[in-house]
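Going by my numbering, the sequence shown opens with residue 531, and the numbers climb by one from there.
Treat the hints with caution; some may be incorrect.
[Stated by the list, open to error] Listed below are the simulated BS3-like cross-link pairs for lysine-lysine, each with C-alpha atoms no more than 25 Å apart in a straight line:
#, residue 1, residue 2
1, 732, 779
2, 982, 993
3, 1328, 1210
4, 982, 606
5, 772, 736
6, 982, 937
7, 779, 738
8, 606, 655
9, 970, 982
10, 1001, 987
11, 738, 606
12, 779, 967
13, 1038, 1067
14, 1077, 1067
Just so you know, the hints here were simulated from the structure itself, not pulled from any lab data.
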Amino acid sequence: MHSLLERIKAGTLWDFHGGIHPADNKLQSSQSPLVDAGLPPRLIIPLRQHAGPAGDLLVQVGDKVKKGQPLTRYAKGRVVPVHASTSGTITEIGNHTVAHPSGLGDLCVILTPDGEDEWGERNGKPDYWNLERGELLERIQQAGVAGLGGAVFPTHSKLDGRGQLTEILIVNGLECEPYITTDDRLMQQYSDEIMDGIRVLKHLLKPKLTLIGVEDNKPEAIEQLTRHATDEDVLVKTVPTKYPSGGAKQTIELLTGRQVPKGGRAVDIGIMVLNVATVFAIKRAIIDGEPLIERIVTLTGDSFKKPGNAWVRLGTPVRWLLQRFELQPEAEQRVIMGGPMMGFTLPHAMVPVVKATNCLLAPTQAELPAPGPEQPCIRCSACADACPATLLPQELYWYSRAKEYDKAEKLNLMDCIECGACAWVCPSEIPLVQYYKIAKDDIREARAEAEKAERAKQRFEAKQARFEREKAAREARHAEAAAQRRQTMTAAGGEDPVAAALARIKAKQDAPITAIATTAEGLPDNSAVIAAREARKREAEARRAAKLAENANSDTAAAAQPAEAVDLASDPKKAAIAAALARAKAKKAAQAGESAEPVTAEAVAAPAVDADQQKAEVDPKKAAIAAAIARAKAKKAEANGEPVSAAKGTAAEVNTQNDAPVDPKKAAIAAAIARAKAKKAAQQGDSAEGDLTANAGASESAATQSDAPSAASEAVAPKKAAIAAAIARAKAKKLAQQGESAGAEDAKSEPAASAQTRDMTVAKSEVTTSQSDTAASEAVDPKKAAIAAAIARAKAKKLAQQSASTSAEVENAGAGVESAGTQVESAGTEGERAPAEPMQSDAASSEQPIAVTEAPEASAPVADAPVDPKKAAIAAAVARAKAKKLAAEAARAAETAAEDAPSADRTTTR
531 MHSLLERIKA GTLWDFHGGI HPADNKLQSS QSPLVDAGLP PRLIIPLRQH AGPAGDLLVQ
591 VGDKVKKGQP LTRYAKGRVV PVHASTSGTI TEIGNHTVAH PSGLGDLCVI LTPDGEDEWG
651 ERNGKPDYWN LERGELLERI QQAGVAGLGG AVFPTHSKLD GRGQLTEILI VNGLECEPYI
711 TTDDRLMQQY SDEIMDGIRV LKHLLKPKLT LIGVEDNKPE AIEQLTRHAT DEDVLVKTVP
771 TKYPSGGAKQ TIELLTGRQV PKGGRAVDIG IMVLNVATVF AIKRAIIDGE PLIERIVTLT
831 GDSFKKPGNA WVRLGTPVRW LLQRFELQPE AEQRVIMGGP MMGFTLPHAM VPVVKATNCL
891 LAPTQAELPA PGPEQPCIRC SACADACPAT LLPQELYWYS RAKEYDKAEK LNLMDCIECG
951 ACAWVCPSEI PLVQYYKIAK DDIREARAEA EKAERAKQRF EAKQARFERE KAAREARHAE
1011 AAAQRRQTMT AAGGEDPVAA ALARIKAKQD APITAIATTA EGLPDNSAVI AAREARKREA
1071 EARRAAKLAE NANSDTAAAA QPAEAVDLAS DPKKAAIAAA LARAKAKKAA QAGESAEPVT
1131 AEAVAAPAVD ADQQKAEVDP KKAAIAAAIA RAKAKKAEAN GEPVSAAKGT AAEVNTQNDA
1191 PVDPKKAAIA AAIARAKAKK AAQQGDSAEG DLTANAGASE SAATQSDAPS AASEAVAPKK
1251 AAIAAAIARA KAKKLAQQGE SAGAEDAKSE PAASAQTRDM TVAKSEVTTS QSDTAASEAV
1311 DPKKAAIAAA IARAKAKKLA QQSASTSAEV ENAGAGVESA GTQVESAGTE GERAPAEPMQ
1371 SDAASSEQPI AVTEAPEASA PVADAPVDPK KAAIAAAVAR AKAKKLAAEA ARAAETAAED
1431 APSADRTTTR
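Just need the whole structure built from these sequences, with the hints factored in.
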């Protein structure tokens, strides 16, 4: 750097690549002194006049403001305020067309001047050397100073940061753009104030050398600057005229020979470049305390009657300014804001002057012809030769036009300074700079969106990190609380439960694995496991048996009390236990009877208890179905000539009683045994009892033959069979109590109207009665069962003689009963699939004997009408119980010399 400074001081100059030499056309406006443009009737002040976001509004419509009063608030970053250009009233705040190539609008403050042009508070600091760096930068920001060379980058942001590393300060006064002479007139008339601004910057940046660059086409400005530049470290450097030597990078290369890196800035190499007008604005902001509210504007072109430079208030409408300087417009007059190389044509004249406005050019058609139509690129490379940034304009054009911005960025599109030299030399008249501007704007927008997305991502990640921290803190709190609970439990119990559990798990995992025993064939030996399982089963069965025995003992004691009879019916479990005990007693009595031992009254009474309780434990539907099936099997066996053994039947009945209380097979076996015994007794009684027994046997045989063809049908008629059995058992009970003579009188006393129908039904049903009653009695004592069978056969003979004339109707009625039973059996079969239900209460059962006793009088209608199977089963159970009770009474009567002759005759026959 020291050698470079020495070479610069020695007067060495360098050059840059490319560049052009258009006609400068500066003498039209540079020869006349600066004038004041005056106050327009209305000022349009845009809120954003710099490269950065606008500040927040500080005023409202109707507010009175003073000259230099801030209209917006400044903030950190690239935010600079705007100020009132004069004193007046805020009359409107809204969108208005602004100075931009797009012609779009932006938020503006409309200020109506009051004509007094009264300044607000100004706080200048002539002794700026006593101010700190931060305070100087803040004052520059408050004054709204931005780059007045065209970029309008906030000056305070440019000076801050790495600006303090500045070694060379360059004040750019080259002003290479044709027609523009603002900097020239400023240097001619305000060179002393420019030097004051340079001293402020020297105090702020502490550079080693300060250079003032001026083109050689401004001799008056060079003379004035040289005369006022008395500091030893400030040099005025004159450079040859060449466009675009006024560009920051080109100026640096001209004066120092150093190049700014691609994508970098001048401050990266220790050089700070400021426009001469910006230096003047800094002087006024720091020393005078005046914000940036006006600037010099060149009004030139052949259409102006009086071209020149003027101090113009920011916000002045262009139309009023053109009128003020006597514009003589022609047809389709163009007004260009800026120079012919980098300026743009205004959409209309009601556009305000802003901080970036350095020239208003109103050329004639002959002076500056409009560009012709665009032609295809001929690849002449003239644009590449003229590019001062050493880019490839033709390739940038192709990629920008195709919107292949990634490729354009790789070719350093963002390093383009938009000087227009490529378009000026293009023979195809392609507006290259316009393509580059559009592409750069799109790229900036995409970058902004990407930055926005990145910020959103960062916020989301920060939020997730905060959630994780909160979760970790919450878990830590929970762990601490759990530790405290464990400590409390340990203190109370003397052992940490968690540690104990972990120790048990570890011990279990560390325990040696027991080898599996195998058999001789190599298969696993599971005998120990099987034995243990069987032992557990036996233990469970023993517990269940003990529980059942305990319940049985308690229920047996309760069953002895008549008041608790209803409870057995209401509680099916107790009823089942009582029935099981009764069956066991009956089995014992049966075994005693086979050895010809006398049956005691207690043993005889047990079946009665069993019968009373059986009606509370057997499903009536299943019992009726089982009875029908048993009858069908018995008849089939008789038809095939196979005798049925009563002893076997008795044993089967006794064994069946050991089954479950609700097993329907028990009822079926009992019915079959009863029928078999009745038939056998009938066959044997033909020869022993004379004509009476023979007639009874004939009646039984006739009834059997009439039933044989329809055995399958009768087997499925539980309802009507049960009714017939109940009627027969009721009749047998009545005959046993009153004798044959009383039974005959009872038969004669029946109404004449239903005598025939009742006799037919009784004739058929008494056969079944003798079968079932005999089975019930013989289950206890064979002798007593034979006595009951003889009584039934005698009564059957008498009834057969009375119903001889109606035997055909009896057979038809029996067939009808059997056919109806088929339907009942099908319904009962479906009911048998359902689970067995507890029987109804004994209270309901105890009412049935009365109805059964009176049933013979209504037997004929019952044969035709449908009968409830439950009621029929209940009636059958009641009849069986009564029959057993009668058998017991007969046994006792036989011991004390039988009271009626028929009983004695039957005993002798047996």
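These are the hints, each one checked on the structure:
Between the alpha carbons of residue 732 and residue 779 the distance comes to roughly 21 Å, so the proposed pair stays at or under 25 Å and holds. The straight-line distance between the Cα atoms of residue 982 and residue 993 is roughly 16 Å, inside the 25 Å bound, and the hint therefore holds. For the proposed pair residue 1328 and residue 1210, the alpha carbon gap of about 20 Å is at most 25 Å, so the pair holds. For a cut-off of 25 Å, the pair hint linking residue 982 to residue 606 stands: about 19 Å separates their Cα positions.
Of the supplied pair hints, the one linking residue 772 and residue 736 is violated, its CA atoms being roughly 31 Å apart against a limit of 25 Å. A C-alpha spacing of about 23 Å is found between residue 982 and residue 937, which places the hinted pair at or below 25 Å, so the restraint holds. The suggested pairing of residue 779 with residue 738 holds, with an alpha-carbon distance near 20 Å, which does not exceed 25 Å. Between residue 606 and residue 655, the direct Cα distance comes to roughly 23 Å. Compliance with the 25 Å bound is thereby established for this hinted pair.
Using a Cα cut-off of 25 Å, the hinted pair residue 970 and residue 982 holds, with the two alpha carbons roughly 18 Å apart. Only pairs whose Cα atoms come within 25 Å are accepted, and residue 1001 paired with residue 987 is accepted, the gap being roughly 21 Å. A hinted pair counts as satisfied when its Cα atoms are at most 25 Å apart, and residue 738 with residue 606 does not qualify at roughly 29 Å. A threshold of 25 Å between alpha carbons decides the hint, and for residue 779 with residue 967 the separation of about 19 Å falls inside it, so the pair holds.
Proposed proximity of residue 1038 and residue 1067 is contradicted: the alpha carbons are some 29 Å apart, above 25 Å. Simply put, residue 1077 and residue 1067 have alpha-carbon atoms about 15 Å apart, close enough for the 25 Å limit, and the pair holds.
Hint compliance for this structure: hints 5, 11, 13 are broken, all remaining hints hold.
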